[in-house]
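Asks: Residue numbers (the UniProt record's numbering), protein chains in the order written: chain P, 1 to 345; chain F, 1 to 345.
No lab work stands behind these hints, which were simulated from the structure alone. All C-beta atoms in this analysis are idealised placements derived from N, C-alpha and C, irrespective of residue type, glycine included. Among the hints, a few may not be true.
[Claimed, not checked] Per label pair, the in silico range of CB-to-CB distance:
id	chain 1	residue 1	chain 2	residue 2	range
1	P	Asn332	F	Ile222	36 to 46 Å
2	P	Leu205	F	Val269	34 to 44 Å
3	F	Gly290	P	Asp186	41 to 51 Å
4	F	Glu229	P	Thr43	47 to 57 Å
5	F	Ser338	P	Asp186	22 to 32 Å
6	P	Ser79	F	Asn137	48 to 58 Å
Number of protein chains: 2
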Amino acid sequence: MKLTILFGGASFEHEISIVSAITLKGKLSGFDLSFIFCDQDHTFYLIELAKMKATTFSKGEYKKMHKLSISKGGFTEKSMFSSKEHTGVFLNLIHGADGEDGSIAALFDFYAIKYIGPRIDASVFSYDKRYTKWLCNARGIKSLKHEELSSIEHDNIKIPYPVIIKPARLGSSIGVSIVKEEGELDYGLDSAFEFDSSVIVEPFLEGVKEYNLAGFMANGEIHFSIVEEPHKEEFLDFEKKYMDFSRSERALKADISDELESKLKKNFVKVYKNLFEGALIRCDFFVVDGEVYLNEINPIPGSMANYLFEDFKVSIELLANSLPHTKRAKVNYDYIHSISKAKGK
Amino acid sequence: MKLTILFGGASFEHEISIVSAITLKGKLSGFDLSFIFCDQDHTFYLIELAKMKATTFSKGEYKKMHKLSISKGGFTEKSMFSSKEHTGVFLNLIHGADGEDGSIAALFDFYAIKYIGPRIDASVFSYDKRYTKWLCNARGIKSLKHEELSSIEHDNIKIPYPVIIKPARLGSSIGVSIVKEEGELDYGLDSAFEFDSSVIVEPFLEGVKEYNLAGFMANGEIHFSIVEEPHKEEFLDFEKKYMDFSRSERALKADISDELESKLKKNFVKVYKNLFEGALIRCDFFVVDGEVYLNEINPIPGSMANYLFEDFKVSIELLANSLPHTKRAKVNYDYIHSISKAKGK
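Next up, chain P with everything else stripped away, as it sits in the complex (with noise of 0.2 Å):
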């Protein structure tokens, strides 16, 4: 199948989709695959497959490759006498702003362009992790409690320590960090503060049990990914999710009872009915004391959590061929020609 996978962008994890993209390229071998990529200052090139690696972008070589513009049902390649359409469907691989912050989903929804990935809503549901909390007050999905600061008023925590100090609105741990005691509490919040300048404290849960699981909605039902306990040390930082996002190997099932994976389901499907249709996603849970916690919505997981499938390459394919669509609002005049009726005009 024909499929063209749009990645890079203006944000802190930029990288780190390069790193995706590279990965999928192997992972799906097999489809005509395209690769699209949108440099920082938002220039939109189409990348040779021979050139799918890392240095064609820290060296700037992309620059030399074809630019694009965005146009109605794909993008257009245009050179001096001709125009050439790249159309079908995408797969929106831009991990962080621009791509989970639901910019690709309004321009690809505006320019009618098909494509896996969050819509509007659901970004700005997963993006910010202040607004994922409502998400879950609204759903009856347990969350842990939280504090949030904005950068002029940052002293008062309540939470007792150890706490776990996140920008709101990025991903990749980037400006993550763990404070155990009062000391530390600046040095984290000028990391977090760094990235953003919404913060959302929460309790650091020391050892406790965490569970991925992955999905999708395709043909009216959801398809479910294994449910993983990912390795850990106290939580990933950027390197090392860095490594992490370059997945491709098949992981372990999680040996857990059916009676605790079929919750971990319930609750999938809670995020994701009626609002994650078109994206495959990856929601990070906790477990205290049976109780399931959700942590994390990934809309766009690295790699789109290959490894947590059985068989990628039929869950992409399905995921592609039951994409929603979004109904547009005929226009008429009927108003404006009833009063220009009454007028006599």
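Mind docking chain F on chain P? Use the hints.
Replies: For chain F alone, coordinates are given in the frame of chain P:
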């Protein structure tokens, strides 16, 4: 001052956006105004000032005008041998879909265009009435109890009659009906489901006191309009609202106590702050037993609620000079460099 107004859109509120734009042409005389029309196919046209009248659009005459494409910092007009840039500050005046659902916000942010209007997050929380309820819950703002229905299961209503039925994602009273008894329910639901797959049901409070308050943030403080008690029949249907969108005469200040005015303003601030920066919004409140309830947020009110402001031109100028900056992430290739180095490449 120079200001470009974007209007139209592929929306059920396409016509009222045209009316809004024509009204603003009159209200912002003295400004260096331009008008860009977005038609239902999402093609942009530069409309000559003299042609800013309803029939230009209803008769399709706009199609003869210059086409524009969106580009960094604004719009570009390409002719055979040259291209002309349209930059400066834009005002997003597309009501409903496209304008209020986050699409135009995302486009403008992506292309680094300065604009008056709600940002992506703010759009999501005002466009979908279900998410407005989540906002209210999270921020301690009272709102009427409600039920959500999806097109599949639409019979069990627990709220006692009379109720008001609204499509979740439309403004301007489109698809809204008041249902006084069970016998009218199916018709009310059908009307709403014609426009949206999600519908909300609220109690209909006959004769409830309603107050509208608009405002915006500039130079770090909120600038409020007067409070108006809108004249109303049971509720405004689309045709009446349509006329309402061309309002240009100063409204009368509602005869209310300082205490109530201050309560309304406090609620406005709870809605606005750290979400609607960059936009001039109108909040419609109900008052029941002295308590303020948020009914609706209009993030792009009809004709920008010009009739509520003491000096509308000064207000728009203040806002245009105080737009929020989106800090774009600086991309670097530190990790790729360090990994390449470690590999000896």
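Asks: Hint by hint, where does the structure go against what was stated? Just the numbers, ascending.
Replies: none
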